[in-house]
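Letter 39 of the sequence shown, counting from 1, is numbered 37 in the working numbering, and no numbers are missing.
It is possible that part of the hints are untrue.
[Stated by the list, open to error] In silico lysine-lysine, BS3-like type, Cα no more than 27 Å apart, as pairs:
| # | residue 1 | residue 2 |
| --- | --- | --- |
| 1 | K163 | K203 |
| 2 | K51 | K2 |
| 3 | K163 | K146 |
| 4 | K51 | K86 |
| 5 | K146 | K86 |
| 6 | K39 | K2 |
| 7 | K201 | K163 |
| 8 | K215 | K201 |
| 9 | K2 | K86 |
| 10 | K146 | K2 |
| 11 | K51 | K146 |
Source of the hints: derived by calculation from the structure; they are not laboratory data.
These figures come from a predicted structure and were not determined experimentally.
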Amino acid sequence: ILSKPYTGLEVSSDRGWFNVGDFMVPPVYHRGFPYDLRHQKINYQVSYAHGAKVGIAAGMWLGDPDIDAMERITNRPTVHQFSEILHKGIILDNTHFAPIDSQNTAYVRELAPLMMVLVGVGRYDDIWASYIAERVMMTTDYCCHFGKPFVWQERNPHNLWQNLKDEIFGMEHTPRFCEDLLTAELGEGTILDKLVRLYDHLKGKDYLPPVVYELGKAWCQDVRSVL
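Given only the sequences and the hints, what does the whole structure look like? Please build it.
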């Protein structure tokens, strides 16, 4: 998927967002998908792409899906099937956001600096990292792929009430966080150059714990030292 140009299906929507869980049976909301867009009509358009560059490959999960604690407490779904679209695999219009977790996920080498998960944001550590990656990718011709490889997930025991507490921050602030990402001026240069400018843009946001910026800058410095 990552090693050669992609030719196949591409999805976009009228909201600029994609929930891959809409293509699972039963449908679910991927952990981190904004609550203000849930249970609203999202019109997806599927087209055909030729020779696209895949930067992130998000493999999908059967069994216990990656959903948030609220959905797990109330519905406890088991995903037992994918739509034909996911079986074939699909890329996302790279002007869009979609939550991607850190399991069964691969990045091309050039995008490796975008793999760092955040701290200070609870169970949105990998989700917000994926939004950062997608924002930087919007300045490139890379896109995200959803589909194979498939895995069967059996989740370890968790305290769902603690999970819920750890998700409240992200549930509240994801819309603003993504709006702030979109207003960042990333300019030219390498992926790392753009990531540095993005963290500079996030510095001082009143809802963000300072450690988000501090770790982000330290990460960028460490990555630059080994490149």
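Hint check:
1. K163 <-> K203: Given pair K163, K203 holds - Cα atoms ~22 Å apart, limit 27 Å.
2. K51 <-> K2: 8 Å, holds
3. K163 <-> K146: 32 Å, violated
4. K51 <-> K86: Holds - the C-alpha atoms of K86 and K51 are around 17 Å apart, at most 27 Å.
5. K146 <-> K86: 8 Å, holds
6. K39 <-> K2: 34 Å, violated
7. K201 <-> K163: Holds - the C-alpha atoms of K163 and K201 are around 25 Å apart, at most 27 Å.
8. K215 <-> K201: 10 Å, holds
9. K2 <-> K86: Roughly 16 Å between the alpha carbons, so the hint for K2 and K86 holds.
10. K146 <-> K2: 15 Å, holds
11. K51 <-> K146: Distance ~16 Å between K51 and K146 Cα, so the pair holds.
In summary, the numbered hints that this structure violates are 3 and 6.
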